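Peer 1: Read off the chains here:
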Amino acid sequence: MNATPPAGDIFDVRRIRRLVELMNEYDLRELDLKQAEMRIRIRRGQDEVPVVETRPAVSTTAPAAAPGAAAAEAANNNLAIVKSPMVGTFYAASEPGKPPFVKAGDRVLPDTTVCLIEAMKVFNPIPAEVTGTIAAVLVKNEQPVEFNQPLFKVDTSA
Amino acid sequence: MKIPALDIEPVRSHDWLASFEHHFTLGSTNARAREAAGHNPPLPLLVVADGQTAGRGRGANRWWTGRGSLVMSLLFDPATLGIAADQRTGVSLAAAVAVVDAVGPLLDGVVPQGELGLHWPNDVFVSQRKLAGALVETLFDGRLILGLGVNTNNTAADAPPELRRRAVTLRDLTEKTHDPTQFLIRLLAHLRECLEQLGHDPDLLGERFARLCLQRGRVVTVQQGTETTTGRCHDVAHDGALLLDTPHGRRAFYSGALVHE
Chain Z
0 MNATPPAGDI
10 FDVRRIRRLV
20 ELMNEYDLRE
30 LDLKQAEMRI
40 RIRRGQDEVP
50 VVETRPAVST
60 TAPAAAPGAA
70 AAEAANNNLA
80 IVKSPMVGTF
90 YAASEPGKPP
100 FVKAGDRVLP
110 DTTVCLIEAM
120 KVFNPIPAEV
130 TGTIAAVLVK
140 NEQPVEFNQP
150 LFKVDTSA
Chain B
0 MKIPALDIEP
10 VRSHDWLASF
20 EHHFTLGSTN
30 ARAREAAGHN
40 PPLPLLVVAD
50 GQTAGRGRGA
60 NRWWTGRGSL
70 VMSLLFDPAT
80 LGIAADQRTG
90 VSLAAAVAVV
100 DAVGPLLDGV
110 VPQGELGLHW
120 PNDVFVSQRK
130 LAGALVETLF
140 DGRLILGLGV
150 NTNNTAADAP
160 PELRRRAVTL
170 RDLTEKTHDP
180 TQFLIRLLAH
190 LRECLEQLGH
200 DPDLLGERFA
210 RLCLQRGRVV
220 TVQQGTETTT
230 GRCHDVAHDG
240 ALLLDTPHGR
250 RAFYSGALVH
260 E
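Residue numbers (numbering that gives the first Met the number 0), protein chains in the order written: chain Z, 0 to 157; chain B, 0 to 260.
Just chain Z, with the same shape it has in the complex (with noise of 0.2 Å):
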């Protein structure tokens, strides 16, 4: 086996020591990166949220998970982070018109909706996976999101 990475591995020492450089450059505080089967997640400090999310220019692989896939993932000891299980656009109400399927402050249980994500014409209902109340709703009706992007940030201490 060959444990030298080929080039363009993202495993490459240099290129992580340029990813943290750039980190501190923008003052981002987590970076998470795939290339083919293989992923970094680079974070520091210990607060929450910001999330850098990147693609292939061009993916074939499937957009869509299974819903409930849906990472809600814990920022701190009370936050949790709903993520986007897809790429897709992201619908905060069944239809145009209706109320959106949660608001800041109101409470959620793993199997409440908290929003639709469409691709190819396909939607998924996303579960917050979480109990708690909502505390931040972070993206707009109709947004395009990526696969992992943070949605909702829910407080389970309440």
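Don't read these hints as lab results, they were simulated from the structure. Small disclaimer: the values here were computed from a predicted structure and weren't measured. Every residue gets a Cβ at the ideal spot worked out from N, C-alpha and C, and that includes glycine. Incorrect hints may appear among the rest.
[Stated by the list, open to error] One-sided and incomplete, this derived list gives chain Z residues near chain B with beta-carbon spacing under 7 Å:
1) P109
2) N123
3) E141
4) P143
[Claimed, not checked] Stretch by stretch, here's where chain Z covers chain B in the computed footprint (C-beta under 8 Å, at least three residues):
5) 82 to 90
6) 98 to 107
7) 124 to 136
[Claimed, not checked] Just the calculated beta-carbon pair ranges, DEER-fashion:
8) B/G216 - Z/T130: 36 to 42 Å
9) Z/P99 - B/R210: 36 to 42 Å
10) Z/P99 - B/D178: 23 to 29 Å
Guided by the hints, dock chain B onto chain Z, whose structure is given.
Peer 2: Below, chain B without anything else, positioned relative to chain Z:
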């Protein structure tokens, strides 16, 4: 023109369907299928309506249903067709290919070759007018509702003025009506074949889908919310992504609507 009625019995006894509902009028067949899903009917369940008063498209779009059109929703478990959870967006592609397969023979010699195809992401177009549309809803438990509207025996002359020049029907194109029962049974056969192909050979289904896309090689504008992007369509990926060459490089789109020029 007399519009032939759907003969219920051959559909009810169709060997693929486990349940069937026919309604004269519904708000939306998808909404009815969602409601029925709560009672766990044997699957697949097909819901057909002669008329629909609140048919939906994406966003604020509504689906116009003229007398004689086909509107239906299929509630099914994709796992039974070999379709994995991460292949669900492919159901939208499979539906579009199935409709093209079903209407193709009826339009042979009627429309020039290359005029029937797909308007990304999955509308069926003939000569730049919309013949059919599909919309898929995923339920939490993984079951899917595939909603389909096909302009069959209706006429665009009855459509609201703003749609008249953008819609087309089989009846308008062929200047005759078509047996709705035969058409539905043929469509179900193609749907089943395309969905099974998605489950067992998704690349082949994706290739068929891409080949039918009318945007390849053309300059198009995609609208996502308030953002628009213009570029030349390099190709359509096998997973349905629209690949646009933009001034900022090649971009893959999985959602958004093409802006009508």
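Peer 1: Run through the hints listed earlier and report the numbers of any the structure violates, in increasing order.
Peer 2: 1, 6, 8 and 10
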